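Residue numbers (full-length UniProt numbering), protein chains in the order written: chain X, 1 to 88; chain A, 1 to 379; chain Z, 1 to 206.
Keep in mind the hints are simulated off the structure, nothing from the lab. All of these numbers come straight from a predicted model, not from anything done at the bench. Be careful, since some hints might not be right.
To be verified - Only part of the chain Z face toward chain A is listed, based on derived beta-carbon distances under 8 Å: (1) 94; (2) 101; (3) 117; (4) 126; (5) 127; (6) 146; (7) 185.
To be verified - Below 20 Å or equal to it, Euclidean Cα-Cα: the simulated EDC-like pairs (lysine to aspartate or glutamate) are: (8) Z/50 - X/28; (9) Z/38 - X/23; (10) A/344 - A/356; (11) Z/125 - X/43; (12) Z/47 - X/38; (13) A/164 - Z/77; (14) A/220 - A/193; (15) A/110 - Z/189; (16) Z/50 - X/80; (17) A/110 - Z/167; (18) A/38 - Z/97; (19) Z/38 - Z/188; (20) Z/123 - X/22; (21) A/164 - Z/188; (22) Z/50 - X/70; (23) Z/123 - X/38; (24) Z/50 - X/17; (25) X/56 - A/40; (26) A/2 - A/351; (27) A/24 - A/351; (28) Z/193 - Z/167; (29) Z/47 - X/23; (30) A/260 - Z/77; (31) A/164 - Z/4; (32) A/257 - A/270; (33) X/56 - A/8; (34) Z/50 - X/23; (35) Z/47 - X/10; (36) A/67 - A/53; (37) Z/50 - X/22; (38) X/61 - A/53; (39) Z/192 - Z/141; (40) X/3 - X/22.
The C-beta atom is built at its ideal place from N, Cα and C for all residues, glycine as well.
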Amino acid sequence: MLKMKNLQAELKESIIEQLNLEDMKPGDIENDEPLFGDGLGLDSIDALELIVLLEKDYGIKLTDPAQSREIFGSINSMAEFIEANRTQ
Amino acid sequence: MKKLYLLDDAIISPLGFSTKENIKAIQEGRSGLQLQQKPETIETSFYAGVIEESLLNAAFVGIGDIKKYTKLEKMMLLAVQQILAKNKDLDLNETALIIATTKGNINLLKDPGNFPENRLKLSELGQVIANFFGFAQTPIIVSNACISGGLGIAVARRLGGIGKIKNALVVGGDLVSDFVVSGFNSFQALSQEACKPFSKDRNGISLGEAATAMLVSTDKPESSGNIALIGDATVNDANHISGPSRTGEGLYQSIQKALKEAKISANEIDFLSAHGTATIYNDEMESMAFHRSSLQNTPLNSLKGYYGHTLGASALIESIITKHTMLNNELYSSKNFGELGVSKSLTIIQENQNMEINYALKTASGFGGCNLALVFKKE
Amino acid sequence: MQQDFYIKNWVKIKNGKVSNSEKVIFNSSETDLSIFFKAVYNFLELKYPKFHKMDGLSKLGILGAEILFREHKISPDTALILSNNASSLETDRQFHESISSFASPTLFVYTLPNIVLGEISIKFKLQSENAFFVSDSFNAELLKNYSESLLTSGKSSEVLCGWLDLENGEYDVFLCLVSPEINMPFSEENLKKLYFAENEKPTSRT
Numbered sequence: 001m002l003k004m005k006n007l008q009a010e011l012k013e014s015i016i017e018q019l020n021l022e023d024m025k026p027g028d029i030e031n032d033e034p035l036f037g038d039g040l041g042l043d044s045i046d047a048l049e050l051i052v053l054l055e056k057d058y059g060i061k062l063t064d065p066a067q068s069r070e071i072f073g074s075i076n077s078m079a080e081f082i083e084a085n086r087t088q
Numbered sequence: 001m002k003k004l005y006l007l008d009d010a011i012i013s014p015l016g017f018s019t020k021e022n023i024k025a026i027q028e029g030r031s032g033l034q035l036q037q038k039p040e041t042i043e044t045s046f047y048a049g050v051i052e053e054s055l056l057n058a059a060f061v062g063i064g065d066i067k068k069y070t071k072l073e074k075m076m077l078l079a080v081q082q083i084l085a086k087n088k089d090l091d092l093n094e095t096a097l098i099i100a101t102t103k104g105n106i107n108l109l110k111d112p113g114n115f116p117e118n119r120l121k122l123s124e125l126g127q128v129i130a131n132f133f134g135f136a137q138t139p140i141i142v143s144n145a146c147i148s149g150g151l152g153i154a155v156a157r158r159l160g161g162i163g164k165i166k167n168a169l170v171v172g173g174d175l176v177s178d179f180v181v182s183g184f185n186s187f188q189a190l191s192q193e194a195c196k197p198f199s200k201d202r203n204g205i206s207l208g209e210a211a212t213a214m215l216v217s218t219d220k221p222e223s224s225g226n227i228a229l230i231g232d233a234t235v236n237d238a239n240h241i242s243g244p245s246r247t248g249e250g251l252y253q254s255i256q257k258a259l260k261e262a263k264i265s266a267n268e269i270d271f272l273s274a275h276g277t278a279t280i281y282n283d284e285m286e287s288m289a290f291h292r293s294s295l296q297n298t299p300l301n302s303l304k305g306y307y308g309h310t311l312g313a314s315a316l317i318e319s320i321i322t323k324h325t326m327l328n329n330e331l332y333s334s335k336n337f338g339e340l341g342v343s344k345s346l347t348i349i350q351e352n353q354n355m356e357i358n359y360a361l362k363t364a365s366g367f368g369g370c371n372l373a374l375v376f377k378k379e
Numbered sequence: 001m002q003q004d005f006y007i008k009n010w011v012k013i014k015n016g017k018v019s020n021s022e023k024v025i026f027n028s029s030e031t032d033l034s035i036f037f038k039a040v041y042n043f044l045e046l047k048y049p050k051f052h053k054m055d056g057l058s059k060l061g062i063l064g065a066e067i068l069f070r071e072h073k074i075s076p077d078t079a080l081i082l083s084n085n086a087s088s089l090e091t092d093r094q095f096h097e098s099i100s101s102f103a104s105p106t107l108f109v110y111t112l113p114n115i116v117l118g119e120i121s122i123k124f125k126l127q128s129e130n131a132f133f134v135s136d137s138f139n140a141e142l143l144k145n146y147s148e149s150l151l152t153s154g155k156s157s158e159v160l161c162g163w164l165d166l167e168n169g170e171y172d173v174f175l176c177l178v179s180p181e182i183n184m185p186f187s188e189e190n191l192k193k194l195y196f197a198e199n200e201k202p203t204s205r206t
């Protein structure tokens, strides 16, 4: 459980840094808040950058763009996917 | 506004080193796309249209020192040389040189060879071309993503319209560099197979390299059977910098404005040369814009299956092929098309056929939300 | 049909100094580009989170356009005609660096000079004519001629044209808004005069 919490916090920090979400702090992102659309307002280029982040930080290669929509639903869904698939 | 006449042209591509060879390859349904392996750049193999450097050097050695010029410069110089050789009375003091490219010599970032660093600059590339032949005017360089080549022709017409230009040589070119391969790969936009514009099973672009040149003039040639640009427009989507508009708004508006300027209606267009990159979203966007423009019954093709996406050169090459399509009254098939895979119906040319063509429309779209429409007329 | 056009307003951003027509509106000795851009953003009281995701060239374009447009009602067919020397080389070099580890899609999308035209179009809802030209140095003749061709042919009712260059941390921005409203005549000479004009007051930058 603690491990999951740490991963969620880590993800929030790296998303803010990687996607230049200036003026946002990890505390501003809810674990179950939608990352795209009405939630955090990320767009298709951000999704591509998150794919790079998965590969760079967790050794996970995503090749099916349709799959990414589900995984990047929220911090929770990203963290679950990473826990199940990480190689590093 | 004045018309702009398309006089002479040359295409240097994997399909051949002249317009004639290129048209012949298209007539025969041959593609320049081949499987490429670049494991140091991307893990998966991909299709691209690449010019064999030894063939290029063999052709270039007749006009210049192969060591003094970059690959792209040699391609562009060859294209211009062909036109100047056939138009010996062209006054280079008064002929504008318009160069369209997205990335120019970008391959020098990775592998500069013996070239100075400023050779990366597009203005240097322009100067190299101008100096080689002795063009007196400072080259005009258009770098506006994937509409650059077509915009170059529009720029000639627009400057011609206010009397600043009479003759111009419009040159377009781009390379399949590691830079663009990595970039489009990071966009997950590269197709593993040769690209399939407008098809159900399309899955991204194939890149291509080419250089091309077109001589244009505001003066009507004395001979008959000429193709003229009679309407042109660009409109930005104002929607997203990389994703095409879902409604095709900018492309739709470009088409409307170009038709209005040409004073013709959509049903007079006999042939439509689409952009058709074969990404899911681009082709879908085009189908929306064409449908909204009542062009769903107009025969159309995408040439990306022959050339791949040649970026800044593409809309210029496709305008040249459009010109010959009109002069030959011959529609060329949209290579690699299978089953229609866009939500609005379109009339994709599946086999070469003869048809009287008097008006044609060329469209293009690109990153930054840009869109272009050109209307050509046979006179 | 001969119609005259005028320079309605212009903006310059160079060496930490931002000016709107003759007036210096912001001055800073900050040499870190992203801090400087953010300071101008804050000074203009912009609320546009997308700004922070842009590359330097687009940030400069948005800041310049904001200053030009904020005092005017924008006509939706205002054309954008920009030019520079370095194209998108500043970001090209960064993307090239990223290739050796993981090619960054957010960098790649900015490796074209005309992306800034898209960013300005999105921010100010301009579905209009665009062109990006690259030249060795400020080419007043081309900007004047091309703008004039769009204005006289009725393709655009106003034009935002100018120079927007960024390389090795050095930036040089000169944008002007051209319209039929009577003001300073839109001529090659005036464009040059404004672009090359010395700063009336030396900046405190040391």
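Now the hints, each set against the structure:
Interface restraint check for residue 94 of chain Z: the shortest CB-CB distance to chain A comes to about 11 Å, outside 8 Å, so the restraint is violated. Contact between residue 101 of chain Z and chain A, as hinted, is not supported at the beta carbon level, the nearest pair being about 11 Å apart and thus beyond 8 Å. About 6 Å separates the beta-carbon of residue 117 of chain Z from the nearest beta-carbon of chain A, less than 8 Å, and the hint is met. Given hint, residue 126 of chain Z at the interface with chain A, holds; its Cβ is 6 Å from that chain's nearest Cβ, closer than 8 Å.
Below 8 Å, beta-carbon pairs count as interface contacts, and residue 127 of chain Z has one with chain A at about 5 Å; its hint therefore holds. The beta carbon of residue 146 of chain Z comes within 7 Å of a beta carbon in chain A, closer than 8 Å, and the hint placing it at the interface holds. Hint status for residue 185 of chain Z relative to chain A: violated, with the closest Cβ pair at about 16 Å, above 8 Å. The hinted pair formed by residue 50 of chain Z and residue 28 of chain X meets the criterion: a straight-line CA distance of about 17 Å does not exceed 20 Å.
Straight-line distance between C-alpha atoms of residue 38 of chain Z and residue 23 of chain X comes to about 11 Å, which keeps the hinted pair within the 20 Å bound. Note on residue 344 of chain A and residue 356 of chain A: the hinted pairing is violated, with a Cα-Cα distance of about 26 Å set against a maximum of 20 Å. With a CA separation close to 18 Å, the supplied pair residue 125 of chain Z and residue 43 of chain X stays within the 20 Å bound. Of the pairs offered as hints, the one joining residue 47 of chain Z and residue 38 of chain X holds, with about 17 Å between alpha carbons and a cut-off of 20 Å not exceeded.
At roughly 24 Å between alpha-carbon atoms, residue 164 of chain A and residue 77 of chain Z are farther apart than 20 Å, so this suggested pair is violated. Between residue 220 of chain A and residue 193 of chain A, the direct Cα distance comes to roughly 44 Å. Violation of the 20 Å bound is thereby established for this hinted pair. Between residue 110 of chain A and residue 189 of chain Z, the direct Cα distance comes to roughly 41 Å. Violation of the 20 Å bound is thereby established for this hinted pair. A distance of roughly 28 Å separates the Cα atoms of residue 50 of chain Z and residue 80 of chain X; the hinted pair therefore is violated under the 20 Å criterion.
Annotation: proposed proximity of residue 110 of chain A to residue 167 of chain Z holds, straight-line Cα distance about 18 Å (limit 20 Å). Among the hinted pairs, residue 38 of chain A with residue 97 of chain Z is consistent with the structure: their alpha-carbon atoms are about 18 Å apart, no more than 20 Å. Straight-line distance between C-alpha atoms of residue 38 of chain Z and residue 188 of chain Z comes to about 33 Å, which puts the hinted pair past the 20 Å bound. Note on residue 123 of chain Z and residue 22 of chain X: the hinted pairing holds, with a Cα-Cα distance of about 18 Å set against a maximum of 20 Å.
For the hint pairing residue 164 of chain A with residue 188 of chain Z, the CA-to-CA distance comes to about 14 Å; that is within 20 Å, so the pair holds. Between residue 50 of chain Z and residue 70 of chain X the alpha-carbon distance is near 24 Å, which puts this suggested pair outside the 20 Å criterion. Of the supplied pair hints, the one linking residue 123 of chain Z and residue 38 of chain X holds, its CA atoms being roughly 19 Å apart against a limit of 20 Å. For the proposed pair residue 50 of chain Z and residue 17 of chain X, the alpha carbon gap of about 14 Å is at most 20 Å, so the pair holds.
This hinted pair checks out: residue 56 of chain X and residue 40 of chain A have alpha carbons roughly 17 Å apart, not beyond 20 Å. Using a Cα cut-off of 20 Å, the hinted pair residue 2 of chain A and residue 351 of chain A is violated, with the two alpha carbons roughly 35 Å apart. Restraint check: the Cα-Cα separation between residue 24 of chain A and residue 351 of chain A comes to about 15 Å, which is no more than 20 Å; the hinted pair holds. Note on residue 193 of chain Z and residue 167 of chain Z: the hinted pairing is violated, with a Cα-Cα distance of about 23 Å set against a maximum of 20 Å.
Of the pairs offered as hints, the one joining residue 47 of chain Z and residue 23 of chain X holds, with about 11 Å between alpha carbons and a cut-off of 20 Å not exceeded. Distance restraint check for residue 260 of chain A and residue 77 of chain Z: the Cα-Cα separation of roughly 16 Å lies within the 20 Å cut-off, and the hinted pair is therefore satisfied. Pair hint residue 164 of chain A plus residue 4 of chain Z holds up; C-alpha atoms about 17 Å apart against a cutoff of 20 Å. The hinted pair formed by residue 257 of chain A and residue 270 of chain A meets the criterion: a straight-line CA distance of about 18 Å does not exceed 20 Å.
With a CA separation close to 51 Å, the supplied pair residue 56 of chain X and residue 8 of chain A exceeds the 20 Å bound. Only pairs whose Cα atoms come within 20 Å are accepted, and residue 50 of chain Z paired with residue 23 of chain X is accepted, the gap being roughly 11 Å. The hinted pair formed by residue 47 of chain Z and residue 10 of chain X fails the criterion: a straight-line CA distance of about 27 Å is larger than 20 Å. The straight-line distance between the Cα atoms of residue 67 of chain A and residue 53 of chain A is roughly 12 Å, inside the 20 Å bound, and the hint therefore holds.
Proposed proximity of residue 50 of chain Z and residue 22 of chain X is supported: the alpha carbons are some 9 Å apart, at most 20 Å. A hinted pair counts as satisfied when its Cα atoms are at most 20 Å apart, and residue 61 of chain X with residue 53 of chain A does not qualify at roughly 34 Å. As the CA atoms of residue 192 of chain Z and residue 141 of chain Z are separated by approximately 9 Å, the hinted pair is consistent with the 20 Å bound. With a CA separation close to 27 Å, the supplied pair residue 3 of chain X and residue 22 of chain X exceeds the 20 Å bound.
In terms of the numbered hints stated before, the structure departs from hints 1, 2, 7, 10, 13, 14, 15, 16, 19, 22, 26, 28, 33, 35, 38, 40, listed from lowest to highest.
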